[in-house]
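Protein chains in written order, with our numbering: chain A, 1 to 76; chain B, 1001 to 1386.
Just so you know, these hints were derived from the structure itself, not from any lab.
By construction, the Cβ of each residue, glycine as well, lies at the ideal position given by its N, Cα and C atoms.
It is possible that some hints are incorrect.
Here are the simulated BS3-like cross-link-like pairs (lysine-lysine), alpha carbons at most 30 Å apart as the crow flies [what the hints assert, rightly or not]: (1) A:K19 - B:K1291; (2) B:K1342 - A:K19; (3) A:K60 - B:K1181; (4) B:K1342 - A:K67; (5) B:K1342 - B:K1260; (6) A:K60 - B:K1351; (7) A:K60 - B:K1291; (8) A:K19 - B:K1293; (9) B:K1031 - B:K1181; (10) A:K60 - B:K1349; (11) B:K1351 - A:K67; (12) A:K60 - B:K1260; (13) A:K60 - B:K1134; (14) A:K67 - B:K1348; (15) B:K1134 - A:K67; (16) A:K19 - B:K1343; (17) B:K1345 - A:K19; (18) A:K67 - B:K1260; (19) B:K1292 - A:K67; (20) B:K1348 - A:K60.
Label pairs and their computed distance ranges (CB to CB) [unchecked claim]: (21) B:K1348 - A:E25: 17 to 23 Å; (22) B:K1351 - A:Q23: 21 to 27 Å; (23) A:C48 - B:L1012: 50 to 56 Å; (24) B:N1167 - A:E45: 30 to 36 Å; (25) A:C48 - B:Q1357: 37 to 43 Å; (26) A:Q23 - B:Y1201: 45 to 51 Å; (27) B:G1384 - A:Q23: 56 to 62 Å.
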Amino acid sequence: MREEVLNLLAEICEDDAVKEDLQTELFESGLMDSLGFAEFLVELEDQCGVVISPSEVERKDIDTPEKILALVEARR
Amino acid sequence: MNYYEGIAFFLLLILVLVGAIVIGWLEKPLKWYSLLASLFFAALIFWGNPAGILYLLAFYLWSVALIRIYFTIRVRDGRKEGIYHVFVLLSLIPLVLCKVTPLFHANVFGFIGISYLTFRVVQMIIEIYDGVIKEVSVLEVTAFLAFFPSFSSGPIDRSRRFLADWNRVLPRAEYLELCGKGIWKLLLGAVYKMVIAAGAYKVMGYLDTGTAWYHLVGYAYAYGMYLFFDFAGYSLMAVGSSYILGIETPENFRQPFISKDIREFWDRWHITLSHWFRDFIFTRFVMYSSKKKWFSNRLQRACAGFFVDMGIMGLWHGITPSYILYGLYHGALLAGTETWQKKSKFYKKHKDETWYQVLSWAVTMQMVFFGFFLFSGKLMTIFGLQ
Chain A
1 MREEVLNLLA EICEDDAVKE DLQTELFESG LMDSLGFAEF LVELEDQCGV
51 VISPSEVERK DIDTPEKILA LVEARR
Chain B
1001 MNYYEGIAFF LLLILVLVGA IVIGWLEKPL KWYSLLASLF FAALIFWGNP
1051 AGILYLLAFY LWSVALIRIY FTIRVRDGRK EGIYHVFVLL SLIPLVLCKV
1101 TPLFHANVFG FIGISYLTFR VVQMIIEIYD GVIKEVSVLE VTAFLAFFPS
1151 FSSGPIDRSR RFLADWNRVL PRAEYLELCG KGIWKLLLGA VYKMVIAAGA
1201 YKVMGYLDTG TAWYHLVGYA YAYGMYLFFD FAGYSLMAVG SSYILGIETP
1251 ENFRQPFISK DIREFWDRWH ITLSHWFRDF IFTRFVMYSS KKKWFSNRLQ
1301 RACAGFFVDM GIMGLWHGIT PSYILYGLYH GALLAGTETW QKKSKFYKKH
1351 KDETWYQVLS WAVTMQMVFF GFFLFSGKLM TIFGLQ
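Extracted from the complex, chain B is given alone in its bound form (with noise of 0.2 Å):
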């Protein structure tokens, strides 16, 4: 079984929701529902896989050590660098070991939902560092990375966000308009992941057969429709599942096809991502290089900025080409659009006219589109790299 996968999860996931509807509606916390039931499902869904586990409990018992040893620190001692250096490294060591293992044939720290789970840990150092986070409670930390309708693939979560929704109880008509909007995203996003990803998915196939020039470019806007759909439907049902619980986990996705820059299109796709990516990366590198005045203007700290937020971006998907060259492609549109918006006097003349939006949306949608592709993994297959 995996979360929202085969008939069994959702079934189970159906009978666990049910649950929480009559919870939420007696106006009883969900708090402690909500994290039995992803004990249950992480239990389930790492049965008969005993490496798993234990790379899980491992995660867990380093990354809550790791949260409370710092916590400890922070207060005793203050705002040091140096030590949350230490520490944001220590927490980042399992993805790392996961990411790099595999390519000398080994497969270390490689379970479901470490990828995500390591945002919530690290974004909790950080802001323990930052004096945001005030108090530290294992159980909370605990209800926060274990939470099961966002526990293999986001949306991510912040942990003062969630454990404020997670504390709270709901007056009776306020739980069920949330619960009602959950049930909507729930079967909004079956549907996109089951009817228009899998058509999505038969159309790729059939173009995959092909060699001429339009069945690749068929099959880059194919791929690129699939990986919305596919990925905007999973996101939409962990919504609406973390609703029902009670929890408002913030949207993935807000019509990313209406994008008229890349700016805007980070600002619509994959949302969770590229937030974290801007608070905990961009922003930070952008004070820190400004501070020690590592370059000489504003444009060219920006413009690193977006190569080091999206070429890291390309390193947490996977250390394979495809993805460090997806990273550093959108670095590069990033920095471009960047540099054409400030510089550019034609930009500043016609960007609010009519025919110039469309067409700046018109070019926008084919770099996406050409990213999806080297997303894919299928330019590497035609050059013989992968």
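Isolated chain A, as found in the complex (with noise of 0.2 Å):
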């Protein structure tokens, strides 16, 4: 699970630095932006079966691959 996600954010963000370092700064870096984050939520839907509505959670509770990693498993 912890895999895939990560595995997803390094090709949304298209950077593997992601994975390595958990605590990049996604946003402000420009690693990832609206349109990545939506793109992420899909497939998220897709590949893990999470539903996180993009209203729910405000950029600075997900602008760390670790607090990505904790919503997500929060939710599974």
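With the hints in hand, could you dock these two chains into one complex?
Spelled out as structure tokens, the structure:
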């Protein structure tokens, strides 16, 4: 699961660094934007069956791979 | 009387807020007080406008009924897309009538605040579908919709955020700190709107008398300044008043004129509007079109998303050539920026260099002010289209 989510993130951000450093800032650094985030949610639902709605979380709650992992874990 | 206009409103506002400070200082709940104050202002402002009162009441009953009924259905039947779409469309009917009937020289549902109230209602329906809103109380919905500081023109708050604030009672020290910030914002907003925007308006009036090209260019910049200080001033006063009532209404502007590209601009200009569109239109359009495979790649999906997002934003301002053009113009700018930033090697190579950033800022500002010029309707007047 963890692996899947990280691979997905790396694919969307087009950067494997997000798998290595879980504290990477995703939005400020430009790795992720509204578009990437939308696609991430679609893939997350497809591949992991976890539904998260776009307005549910604020940017500051999902701005690192670690926070995203925690959120997905909590939802399983 | 109108919200944030005229001596009478401000005198009453001061009285109401002084009352709030006493309650907040005593560490008593402010929720009942703010609800009563909101109803009081609505009654005063709609007084003598029977059609407005009727439309407002009809809108309120319609919206509350839709939210309540949809919530019951959602709890009973779960996530069903069809019925969800029906309820979203039903909740849009008053706004659509309000925007479309003027084209036929009628004015159905044309009352102060309808454009902004609709955002709140639609947000609730969408989040009920998402399963994020887990309970609906008519009293709370009423408090959320009626909240007077942001009733007429936003900022557009979200129900869950608003109600969490509305239901809490702050310890004295925390309340006083929030209240202090609120007073500062209220005063700063008053200066923005009544001093600076009023000054810019005078300059606009002067430049409007000439027809030379430099009059037009000057007019565009003066209008942009007027638009910012008028609306940012109003927003600051709305946020400041909210703070004093214990509600941390989100900010609407964050130094928009330092934006280095158009995307950043929409993260700094009329923020609660653009974020509402981002969360409830752009993201959902991208997700939906991605599931349905309407486009062959991400970039196409994003560009289509920007046009839909900004096109609807334009229509929401009003069904006039200027507003529609304004929306499509920003859709095109966002799509262009996205394409440039994703495709251009030149961009990737130079984006962090100072000269590029300065140039990018300067170009962005010209595009922004040209957008305001479209928004002002002046261009249409020049070409005799309006």
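Enumerated hints in conflict with the structure, sorted upward:
none
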